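Chains as they are written, first to last, in the numbering used here: chain A, 1 to 632; chain B, 1 to 578.
Because the hints were derived from the structure by calculation, they are not lab data.
Small disclaimer: the values here were computed from a predicted structure and weren't measured.
Take a look, some chain B residues computed to stay more than 12 angstroms from chain A by CB distance:
{"#": "1", "residue": "G338"}
{"#": "2", "residue": "R366"}
{"#": "3", "residue": "V475"}
Label-pair ranges, simulated between beta-carbon atoms:
{"#": "4", "chain 1": "B", "residue 1": "N441", "chain 2": "A", "residue 2": "R425", "range": "53 to 61 angstroms"}
{"#": "5", "chain 1": "B", "residue 1": "N124", "chain 2": "A", "residue 2": "Q242", "range": "23 to 31 angstroms"}
{"#": "6", "chain 1": "B", "residue 1": "R366", "chain 2": "A", "residue 2": "E422", "range": "33 to 41 angstroms"}
{"#": "7", "chain 1": "A", "residue 1": "Q242", "chain 2": "B", "residue 2": "D223", "range": "30 to 38 angstroms"}
Note that beta-carbon positions come from the ideal geometry of N, C-alpha and C, so glycine has one too.
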Amino acid sequence: MVYRVYVEKKKELALEAESLLSEAREQLGVKNLTDVRILNRYDAENITPELFEYAKKTVFSEPQLDILYDEMEASGAKAFAVEYLPGQFDQRADSAAQCIQIISQGERPLIRTARVYLLNGGLSDEQVEKIKKYVINPVEAREASFALPETLKADYQIPTEVRTLDGFTDLDRAGLEAFVRQYGLAMDADDIAFCQAYFRGEHRDPTITEIRMIDTYWSDHCRHTTFLTVIDAASFDDPEIQSTYEQYLALRASLGRKKPICLMDLATIAVKELKRQGRLDKLDESEEINACTVKIRIKTDGVEEPWLLLFKNETHNHPTEIEPFGGAATCIGGAIRDPLSGRSYVYGAMRVTGAADPLVPIDQTLRGKLPQRKIVTTAAAGYSSYGNQIGLATGIVDEIYHPGYAAKRMEIGAVIAATPAENVRREVPAPGDVVILLGGSTGRDGCGGATGSSKSHTVASLETCGAEVQKGNAPEERKLQRLFRNGKACRMIKRCNDFGAGGVSVAIGELADGLVIDLNAVPKKYEGLDGTELAISESQERMAVVVAPEDTAAFLALAAEENLQACPVARVVAEPRLVMNWNGKRIVDISREFLNSNGAEKHMTATSKRPHASKKRRAATLPSNIARWPAI
Amino acid sequence: MLMPFGGKYQLTPIQAMVQKISVEKKHTDACSLMAFGYNPFITEKSPYHGAYLAVVESLCRLIATGADFRDVYLTFQEYFERLGKDPSRWGVPLSALLGAFRAQLDYGVGAIGGKDSMSGSFENLDVPPTLVSFAVTTTTTDRIVSPEFKRAGDRVVLLRPETDEHGLPVPASLKNVFAQVTELLHSGKAVACYTPGMGGIAEAVMKMAFGNGFGFAFEKELDTQTVFGYCYGGFLLELTDPALTVGTPVGVVTREQAITHGSESLPLSELLSIYEDKLEGVYACNIGPSGVKTENFRYAASHYPAPAIKTARPRVLIPAFPGTNCEYDSAKAMADAGADPQIMVVNNLSAADIARSVERFAEALRDAQMIFIPGGFSGGDEPDGSGKFITAFFRSAAVRDGVGELLDRRDGLICGICNGFQALIKLGLVPYGKIVDADENSPTLTFNTIARHQSRIVRTRIASNKSPWLSLTQVGDVYNVPISHGEGRFLASEELVRRLAANGQIATQYVDLDGDASMDIHFNPNGAVFAVEGITSPDGRVLGKMGHSERKGSGLYQNVPGRYDIRMFEAAVKYFKG
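Start from the sequences and build out the full structure, keeping to the hints where you can.
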């Protein structure tokens with residue numbers, strides 16, 4: 001049986017309703033709107049009527065602040081209800097269920113939430129639509145029904161196997177291109193041909209899981225495809241830039257660089273040179289790439305100790321553009337995960353963002369875009385929510401306004417962390433080692449983030465990117481922080497990776513050359529996930545660690561002490577292949593060499609015009625009263 | 001160590017973020033700095049020069065904050081238009097990276113990390129070529145300098161490097177400037193420093209002036225090009241010694257609250273409203289007072305109760321719920337004061353885990369003299385209100401009985417800060433001294449009137465020192481304390497507030513610069529009625545407050561002057577020691 005209750009803040013405390021009223025009147029021009037009411041609707045199942053009654057007054061509401069209703073009275077107002085898309089993490093429902101379970105000390109009930117909006121003032125349907133459009137971001141939410149559901153249990157089809165793509169190895173060039181389009185892949189025609197050649201060599205057709213996984217592995221987000229594209233020729237109009245380019249070429253020669261010229265080479269060669277000069281001697285380098293790591297010595301209680309300082313910057317431009325709250329929240333969450341996986345404690349954060357003018361009236365918003373005003377304020381709320389929940393001090397927040405960011409928002413989170421050096425051991429995983437998955441369960445909400453942010457962004461994005469945004473779960477990541485502050489736990493970890501882009505396939509897949517992963521061991525939020533989804537779903541709040549078999553039990557116990565779910569899901573093997581088993585079948589079996597190739601080599605030439613000459617379309621935006629450049 | 005905005009008005013933005021290196025139990029004076037540099041209006045004209053100057057700016061910001069030019073590391077964020085197959089588009093990031101490459105070699109600093117995103121296009125619109133340089137280093141707390149002007153009458157000078165024919169700083173010259181700036185800051189000859197960014201010297205002076213409400217008189221000779229133009233690699237320094245000759249004179253810090261240049265004068269207040277009101281319609285900050293009535297309460301304790309059994313090292317139980325995040329600071333503050341803290345993680349993975357947690361907590365409580373409920377966001381402050389997870393836990397029979405026993409039979413103490421205070425008030429432990437069911441007239445804490453999270457330093461005045469937690473304070477004392485919360489607005493009827501005040505249960509109030517209780521959002525961040533920040537149980541042994549008094553340590557909050565340590569943890573230990 002499903003029970004339902006509505007909760008409304010008392011009139012004088014209904015800040016959110018009040019602000020929607022003024023926004024709708026002033027920003028959306030719905031001048032005849034006289035009153036807005038917002039009600040939280042809770043549906044609960046697997047709960048006794050007595051417990052539900054008790055929870056109404058202690059969990060769903062507070063008598064000092066809220067009014068409870070068993071039935072909704074619209075009394076002439078226009079009403080609509082909004083709920084998260086299925087699969088989106090709903091912290092409100094999740095916390096309500098946890099609170100009720102604390103009270104009952106029994107099984108956790110099922111809770112679903114929605115928000116009901118009541119609009120007064122004799123609005124036309126068109127005006128209601130306008131407000132709906134403002135309130136509902138189709139990427140994360142949808143209009144909900146008013147009917148009481150019979151059950152909250154989702155009726156999942158339980159998949160039993162993943163598809164093998166019969167005939168893939170026989171496709172011709174045109175067939176391959178159609179294939180890329182059909183599956184919405186981020187890889188290009190060369191990559192898919194390269195893939196086909198590999199599977200021909202393996203004498204079999206790939207599974208859909210393999211194709212999705214390779215697509216994720218080779219996405220720009222995970223592998224910097226653009227940065228690794230070979231630059232065959234470059235020319236510069238400006239002699240100053242040309243001479244720096246020649247300086248770079250000379251340096252390549254003197255360092256004996258054999259790898260081709262690419263943006264990545266240019267981005268990293270200065271460090272190579274500085275090291276050769278004997279500088280940067282405090283750099284901590286390892287095969288693990290979690291975050292920038294520097295060896296420092298600090299005095300604690302007057303005694304000097306070796307420590308590691310870690311820092312990292314991260315962007316979530318694409319997710320924040322389409323779903324600002326979750327995008328900005330997971331930006332900071334994601335930035336934290338990297339130094340965290342380096343076993344350090346993150347204690348400081350900085351937020352640098354880029355936006356177009358948020359003062360532009362909402363009706364001048366580009367088609368297919370959210371209004372800048374909505375993006376900047378909702379992103380700020382999302383960042384604040386996550387940062388504050390995890391308890392991270394943000395030292396600087398700076399938003400840079402430039403009309404170009406109407407193309408896409410910039411949302412950068414940078415974090416800083418430290419840990420005693422003795423807590424970090426870094427070792428190459430050995431055959432027999434165990435991979436433990438830590439943290440939250442896997443859901444469908446994390447599928448496709450890496451490839452999504454690497455795809456072109458068009459007008460259709462807002463409608464179709466639904467599966468590509470995630471909500472953050474800060475309390476869960478906070479548990480990981482506590483575990484990784486425990487020196488005893490850290491010292492068992494040989495290697496660690498976070499579940500950023502790419503989920504199990506990348507997070508676990510990168511830990512060692514040879515791995516056998518048991519996807520059935522991956523904890524799920526709900527039934528109905530197939531092997532592919534288990535393999536590629538990302539998450540903010542999960543981590544994979546490699547420990548020696550003899551440390552496994554002790555590590556699992558330490559995780560349990562921190563209220564963290566943890567379970568072994570893979571083991572390290574000698575043969576350099578990435579293997580995933582699911583439902584008794586081997587659904588992924590790929591050689592490390594092929595996976596690490598990063599796909600087909602890309603080539604490009606580059607030309608650069610003299611400064612001032614290019615980018616004329618933006619010149620008009622410069623302040624004209626001051627000759628700002630070059631005015632040093 | 002530096003609040004984002006400094007000065008007594010908290011209006012001067014810092015240029016580098018500075019935090020002490022987080023050590024769980026021990027103490028350190030080591031701190032880290034992080035700063036960024038980037039200006040899209042330069043990168044769009046020349047990605048090469050823009051990237052070079054981004055590196056320069058990030059370095060300058062560290063130096064301006066007191067760091068030495070030694071062991072500095074960089075990490076870049078690159079964000080560009082989609083490149084496709086167009087060679088001229090590929091020239092954009094290539095030029096930017098060449099500029100950054102040259103800057104790294106010129107200054108001997110390396111970008112040891114970086115992230116790139118090449119998806120900044122929508123239809124035919126592109127983001128400006130973006131290369132943000134983040135610079136990081138470490139130093140010790142005594143070397144940090146904040147940018148707000150400190151004293152009227154001080155002279156301000158500009159140090160700047162030579163530039164080459166393309167307008168970039170000459171590396172050797174800039175490195176000299178770094179050394180000079182560092183010497184001036186560390187010797188105390190310069191007490192404030194700022195490196196001009198997008199808005200040049202004009203922006204720098206304005207922001208340095210806002211923090212402590214000083215004015216500034218520009219040298220007449222300075223032309224507007226110099227004042228408003230770019231000045232990357234330059235440093236403005238506030239000098240204390242009138243005889244010191246260094247740099248180019250820019251002007252003098254004045255008591256008169258106006259920025260003047262020759263005969264022209266702009267009142268600081270006018271400038272501030274132009275600066276703040278620009279985005280006020282998007283990010284509201286200065287909302288009006290939410291009810292005007294308040295007054296200073298006063299209740300001085302004549303004596304303090306003593307526990308029946310003395311304890312030299314009282315034990316304090318600190319529960320950590322899902323979403324708690326202040327337990328480390330709380331435990332450290334308790335341990336430093338001489339107590340024996342025990343953090344207990346409440347486990348709720350399964351029904352059995354919950355039952356076990358309740359049992360463990362009740363058992364540990366029997367051996368403890370205090371409960372300290374730390375700050376955080378239990379359950380993410382959901383469903384739609386704070387502290388619900390904690391109150392659900394405390395309402396379980398075993399815990400409820402244990403709390404009753406601690407308070408009624410063993411003379412124990414309880415404190416809750418922020419989320420802990422929210423839990424205490426919703427349980428009834430404050431102001432009633434026992435766990436009760438709330439009704440619609442019970443006092444509570446709810447959403448700040450500004451309807452979002454607030455984080456800053458506030459001034460709180462001791463209204464009553466009845467609580468043993470506040471026995472080391474005097475009524476009327478004012479303490480600065482950091483706050484960080486979304487739901488800190490204390491709500492109660494006037495009748496109840498007066499009753500509590502008469503019984504000495506209004507512990508602390510938010511006050512203005514004159515020390516008077518205030519409903520102004522600049523001082524009372526959440527709109528609490530009667531500016532109440534903290535309240536106690538009838539006998540004072542249970543204290544709840546919003547401000548994070550546990551966030552203490554040497555060298556913190558350097559850019560917001562005031563007295564910080566309320567010594568409540570020492571007071572609690574003293575209570576048990578007798």
